Every structure is written in C-alpha cells, then in structure tokens.
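Asker: What follows is the residue order along each chain.
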Amino acid sequence: MPSLVGEVGRMDAPLLELRNLTKVFTTGGLVHRRILKAVDNVSFIIPGDKPMVITLAGESGSGKSTIGRLIIGEHTPTSGNILYQGRDVRYMSRSDRRSYVREVQMVYQDPYSTYNPLYVVDRILRMPLRNFKLAKSKEDEDRMIKGAIEAVNLSADRVLGKYPHELSGGERQRLIVARALMLRPRIIIADEPVSMIDASLRAGILNDIERLKNEFGVSFLYITHDLSTAYTISQRMIVLYRGSIVEEGDIEKVVNAPKHPYLQKLIESIPLPNPEMKWKEKLSMRTEEITYKTEESGCKYYGRCPLAIDRCLKETPRLAEIELEHRVACHLYA
Amino acid sequence: MEVHDLKVYYMTAAGAARAVDGVSLVITRGEIVGIVGESGCGKSTLAAGILRLVRPPCYVKGGRVLFDGVDLMSLGHEEIRKMRLKRFSWIPQGSMNSLNPIKRIRDQIRDGILAHEESSHTDVSKRIRELIEMVGLPPETAMMYPHELSGGMRQRAVIAIALCLQPQFVVADEPTTALDVVVQRAVLQFITGIKDDFGSSVMLITHDMAVTAETCDRLAVMYAGKLVEVGRVEDVFKEPLHPYTKALIEATPSLLGKRKLRMLSGFPPSLVNPMPGCRFRERCPEYNCQKCGDEEPSLHEVGSNRMVACHLWWGK
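In order, the protein sequences belong to chains A and B. Take 1 as the starting number for the first sequence in the working numbering and just add one per residue. Take 335 as the starting number for the second sequence in the working numbering and just add one per residue.
Do not take every clue at face value.
What the hints assert, rightly or not - Each computed DSSO-like pair below joins lysine-lysine, with the alpha-carbon atoms no more than 27 angstroms apart:
no.	chain 1	residue 1	chain 2	residue 2
1	A	278	B	594
2	A	146	A	162
3	B	594	A	50
4	B	529	A	278
5	A	280	B	572
6	B	592	A	213
7	A	213	B	594
8	B	529	A	282
Said to hold, decoys possible - Label-pair distances were calculated between CB atoms; the ranges are:
no.	chain 1	residue 1	chain 2	residue 2	range
9	B	363	A	112	41 to 47 angstroms
10	A	155	B	592	25 to 31 angstroms
11	A	118	B	348	19 to 25 angstroms
12	B	448	A	123	51 to 57 angstroms
13	B	387	A	334	53 to 59 angstroms
14	A	322	B	437	48 to 54 angstroms
15	A	97	B	431	39 to 45 angstroms
16	B	448	A	334	55 to 61 angstroms
17	B	573	A	118	46 to 52 angstroms
18	B	405	A	25	53 to 59 angstroms
19	B	436	A	162	37 to 43 angstroms
20	A	113	B	620	33 to 39 angstroms
To be clear, the hints were calculated from the coordinates, so they are not data collected in a lab. Since the structure is predicted, the reported quantities are computational estimates derived from the model, not experimental observations. Think of the CB as a built atom: it goes at the ideal place given N, C-alpha and C, for glycine as much as any other residue.
Work out the full structure: start from the sequences and follow the hints.
Answerer: So this is what it looks like as structure tokens:
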C-alpha cells in the first residue's frame with residue numbers, strides 16, 4: 001500500500017525519515033526455522049535544515065548495521081517506510097530513485113575489502129562518476145577526482161595510480177570517503193569507519209567527518225559501538241538495544257545523563273583515559289550474557305536489568321520524551 | 335620476568351626487519367604492565383620473543399630473557415614446553431578464533447592440563463568445572479563446540495585454557511578487541527583480577543590508551559621496535575615525557591570532555607633500514623634538535639620508576 005505522503009514530496013519534510021522500520025531475518029529450513037528481528041519498529045529522522053552528525057550506537061547484534069543497509073537499499077524492510085525528503089523510497093520514480101542512490105552514500109568498516117585488489121585505486125573513484133555521468137570530459141573527471149582527494153587531506157600524487165595494498169588503512173578509508181564525497185551526497189552513512197584503523201590515524205578521519213559536515217554540508221549517520229568517538233564528533237545519538245531504540249537525543253544529555261539502565265551500564269563500562277578514575281565495582285562476567293527471552297511483549301532488557309519491575313515483563317516500553325531533546329524507552333520514567 | 339636487550343627480527347626479501355630492536359624491561363611479581371603502540375610497532379613480536387614463540391621467518395637476533403632467574407633463551411624445546419601453561423602462558427590475539435573447532439571446550443582444557451600433569455579423570459573433570467565457573471561461563475559450555483559460543487564466550491574459554499595451571503606470568507595480546515564494551519570490561523577485570531587471585535604478573539598488549547589507564551600499574555610505550563617511555567600509569571598520563579606518548583594520549587577520544595583530537599602526520603619508519611638518529615624524528619611535533627638527527631636517544635632513568643628515550647627531555 002503506497003504511503004499517502006509518498007505521493008508528493010514536501011519541502012519542509014526532513015531529509016531522511018525512518019517510520020516504524022522493521023526487518024526480520026529468517027534462517028534455517030523448514031525444521032530449524034529461526035526468526036530474528038534485527039530491526040524492531042525503529043523511527044527517527046535526519047533533519048534537513050542543517051547538517052549534523054548523528055550516531056547510531058549499539059553493541060554487536062543490535063541491528064545498527066542492518067539499519068544502514070536498509071537505508072541504502074541493500075536489504076528491503078519487512079515493514080515500515082523510509083522517506084527521503086518526504087518521498088517513500090520504495091515508490092519513487094526512476095529519476096528520483098537515481099538521485100537518492102547518489103545522494104545517500106555509504107562508507108563501510110573494512111577499508112580493504114571495498115577495493116578490487118587487481119585495479120589501481122583510480123578506478124573506484126572513476127566508476128561512480130561515469131555511472132552517474134557527472135563529468136563532462138576526461139579533464140573534468142580528473143579535476144573532480146583530484147578535488148575530492150584533496151578534500152579528505154590526501155595528496156593526489158601519492159595515492160593515484162597505486163594499488164590498494166600500497167596504501168595504509170587510513171588512506172584507503174579516506175579514499176572511500178573521497179569517493180562518496182565526489183557524488184555530492186547529502187547523507188553519508190559511515191558504518192564503523194574507524195574501528196579497523198590504528199588509533200593514531202583514527203583521529204584524522206574523525207576530524208575529516210566534522211570538517212566535511214561543515215564545509216560541504218553533508219550529514220553523517222555514524223554507526224558505531226564506540227561511544228567515545230561518537231561523543232567527540234556527533235550532535236545527536238540514538239542508542240539501540242536488540243533492534244529497538246532505548247534512548248535518543250542531544251549528545252550531551254544522552255552521554256552525561258543517561259536514563260536507560262542499559263545505557264547507564266554501557267557508559268559506566270567505557271574505559272576513560274584517566275588512571276585516577278577506574279572502574280569501581282567488579283562486574284561479573286556471568287550476568288552479562290544471559291540469553292534473553294524471545295517473547296513479543298515486554299522490555300528486551302528485562303533479563304539483565306537490575307531495576308526491572310513487573311510491568312517491564314508485560315508491556316513493551318515506548319519511547320517517550322522526558323525532557324527537551326531527550327527520549328527514553330523505559331517504564332521507570334513513564 | 336626480566337628482558338635484556340631483546341632483538342627479534344623478521345627475514346624479508348629487503349633484509350632483516352627489526353620488529354623488536356633492543357628492548358629491556360623488568361616485570362615484577364604481581365604487576366600489570368601495559369605495552370602500547372601503533373600496529374606494526376612490534377608489540378606482539380615482543381610477546382612472541384619473550385615466550386619463545388618465534389617461528390621463521392622471525393628469529394631472535396640477540397638478548398636475554400630471564401624468568402625467575404632462568405634464561406629462557408638457553409632452554410631446549412622440551413624444557414620450554416614444560417614451562418608453558420604451567421609457569422607462563424599466552425592469551426593470543428584474536429583468541430576467539432584460536433580454539434580447535436572440532437573439539438569440545440572440555441576436551442581442549444583437559445588437553446592443556448594433561449600435557450603437564452598426571453591426574454585422575456575425576457580430578458581433571460573437577461578442575462575443568464571450576465575453571466569454567468571461574469571465567470563465568472555456564473556449566474553446559476563444557477560440552478559445547480566453539481561455534482556454539484559467542485565471541486565473548488569463546489574468548490573466556492581461551493582464558494580458561496591459558497589459566498588452567500595458574501601460571502605466574504600471563505601475556506594477554508589485545509584480549510578485548512572486537513568485544514562489546516560491557517563484555518570488554520568484564521574480561522579486563524577478570525584478567526587483571528588474576529593478579530590478586532594467584533599473585534601472577536600480566537603483560538597487557540593493546541593499542542587503546544583508555545584500556546591501559548583503566549587496568550595497568552605500569553605502561554611501556556613502544557615505537558618502531560623500541561621502547562620510548564616506561565613509567566607508572568598515573569605519571570605517564572599526568573605528564574607524558576616523550577612526544578609520541580603525548581600524541582597517543584591526545585589522539586584518544588574520551589567521554590570526559592569534548593576536544594579536538596590531534597593526529598600524528600606521516601607513518602612509522604621502515605623497520606628494515608631504520609633512519610639514523612631518533613626514529614620518531616620525522617613525525618615529532620617538537621622536533622627541534624640537531625642531536626635528534628645524529629644520535630639515537632637511549633632509554634634513560636628519569637626520576638623514580640620512570641624512563642624515557644628522548645633528547646628533548648635532556649635539553650629541558
């Protein structure tokens with residue numbers, strides 16, 4: 001059923017909107033069929049009025065990468081809608097769809113496997129230009145490639161004509177960012193872009209993200225499990241737990257005054273680079289991996305939550321605003 | 335554990351790559367020492383050198399490793415094998431992938447124990463139950479195969495094997511990369527807890543400065559095969575003496591406050607033909623000294639329990 005808003009694009013609509021997005025994966029055959037709800041009724045927006053870095057945080061298996069893949073169309077949602085500038089991406093016209101594919105770009109975690117090792121890196125930059133027919137001539141093409149490389153603080157002489165293995169992890173990842181940038185995107189989805197890169201080079205790429213946001217007006221959806229880097233570069237944060245949003249809002253509020261018991265535990269467990277502030281209580285390894293119930297209703301954190309009440313088992317908590325720019329899905333605050 | 339001027343090289347087509355080039359370090363009983371540095375600086379090779387785990391094309395060029403007064407380099411293979419697991423052990427990098435996929439967890443731990451001790455079947459089974467309990471795994475995991483466990487659980491199974499004979503010295507090589515934050519905390523707290531439980535020493539290899547701040551007593555910073563700074567964790571974070579240490583700390587993001595992350599330009603030098611003088615010179619933000627180009631700084635004692643290899647420090 002086509003969405004009603006999808007028919008006409010609205011100018012005041014957010015840049016990107018996810019509405020009750022759900023993705024269910026089914027594995028196994030007829031006998032051992034298992035259903036995994038990777039993304040469970042997730043809604044959020046990326047506003048269009050000013051560019052920002054929004055973090056999508058969560059532990060492995062929380063569905064954060066799946067959301068990224070749903071947005072770029074690598075997976076199709078089981079239910080729910082993705083709206084780009086007010087238009088549902090599933091019912092877009094061919095030309096709208098084409099500009100959507102160009103304007104929403106993705107940068108993956110592994111900066112090596114994105115390349116074909118048999119070709120020089122120029123190719124990965126040239127292909128999208130040709131595909132979208134962005135360059136008028138060969139010279140134009142070269143100029144755009146050079147410009148993009150310089151925008152990510154690399155020198156064109158150093159990287160062009162090289163094979164992927166001749167570049168460092170940091171350079172490879174920056175080239176992928178350059179490639180995304182060349183298509184003049186509105187949104188770049190960066191899925192753990194620095195988790196495979198050395199600590200000393202990580203800072204450079206994070207600074208790049210911030211600079212590109214300011215200079216080129218690109219919004220970033222920064223998908224990560226690392227809240228320290230997220231805090232450094234982003235303005236908003238969305239925290240996922242097993243496919244659902246548990247807390248969302250302004251980064252300062254979410255990090256400095258976390259409300260959901262899961263996020264509180266998570267933030268407390270992040271190592272701080274200050275030897276005078278060490279972890280206080282000892283965490284037992286046992287409690288952290290309790291296998292959870294798979295019932296439809298109730299809070300997913302129930303099994304691990306130290307503050308759980310009866311209501312948490314019966315009723316699924318909804319995301320509710322507890323202060324301006326800060327929403328939590330927990331019965332303790334409702 | 336005393337390491338004197340250890341040199342471990344790799345044979346490459348271009349010549350010997352000096353992955354560990356004259357490292358000296360003393361680790362006392364019941365101490366947790368963090369080894370930090372970028373990838374490729376020789377951290378893991380240092381561990382392999384200390385534990386006599388080097389395999390071609392890697393070889394030990396020179397130096398001595400004294401463990402409780404015994405020179406490990408002079409021992410034969412059989413003698414070293416007898417010491418492994420019992421006296422010292424190793425939690426390898428990416429250890430969740432280092433289990434044997436076709437053996438039950440129980441049998442893998444049993445192999446470790448029986449290789450060193452002759453004990454009765456019931457004794458061993460009891461020990462295995464205790465070990466599994468100790469690392470916080472549910473008892474059923476003993477009968478499971480590695481693929482049935484999550485990454486964090488496999489990691490703990492490896493830790494259970496590494497600690498099955500209560501060794502006095504444990505090397506943990508990036509034990510928590512790829513683990514979730516909460517599980518990372520539980521694993522780190524457990525590893526550092528063996529210091530209190532068995533009085534063992536731990537050498538923790540990592541690239542994450544925040545992890546060392548949270549867990550270690552002392553810190554050794556490694557750059558291009560050499561130690562550049564050694565000191566108590568509190569001292570090093572309060573006042574890093576080597577410009578590289580300072581850069582590492584400044585590149586670490588933190589929830590404590592927003593600040594611009596500083597990044598080092600350039601790359602670590604080639605380990606095959608290291609440049610003369612200080613190896614950090616080309617990337618050094620404070621490079622200003624003629625001496626840096628001419629003479630390689632050596633690790634000098636500066637104050638109590640503190641060492642640094644930098645000419646600038648002596649200029650001050």
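Asker: It remains to establish, for every hint, whether it holds in the given structure.
Answerer: Structure-based check of each hint:
| no. | hint | in the structure |
| --- | --- | --- |
| 1 | 278/A to 594/B | 24 angstroms, holds |
| 2 | 146/A to 162/A | 14 angstroms, holds |
| 3 | 594/B to 50/A | 21 angstroms, holds |
| 4 | 529/B to 278/A | 16 angstroms, holds |
| 5 | 280/A to 572/B | 21 angstroms, holds |
| 6 | 592/B to 213/A | 17 angstroms, holds |
| 7 | 213/A to 594/B | 15 angstroms, holds |
| 8 | 529/B to 282/A | 14 angstroms, holds |
| 9 | 363/B to 112/A: 41 to 47 angstroms | 42 angstroms, holds |
| 10 | 155/A to 592/B: 25 to 31 angstroms | 30 angstroms, holds |
| 11 | 118/A to 348/B: 19 to 25 angstroms | 24 angstroms, holds |
| 12 | 448/B to 123/A: 51 to 57 angstroms | 55 angstroms, holds |
| 13 | 387/B to 334/A: 53 to 59 angstroms | 56 angstroms, holds |
| 14 | 322/A to 437/B: 48 to 54 angstroms | 51 angstroms, holds |
| 15 | 97/A to 431/B: 39 to 45 angstroms | 41 angstroms, holds |
| 16 | 448/B to 334/A: 55 to 61 angstroms | 57 angstroms, holds |
| 17 | 573/B to 118/A: 46 to 52 angstroms | 50 angstroms, holds |
| 18 | 405/B to 25/A: 53 to 59 angstroms | 56 angstroms, holds |
| 19 | 436/B to 162/A: 37 to 43 angstroms | 42 angstroms, holds |
| 20 | 113/A to 620/B: 33 to 39 angstroms | 38 angstroms, holds |
Violated hints are absent here; each numbered hint is respected by the structure.
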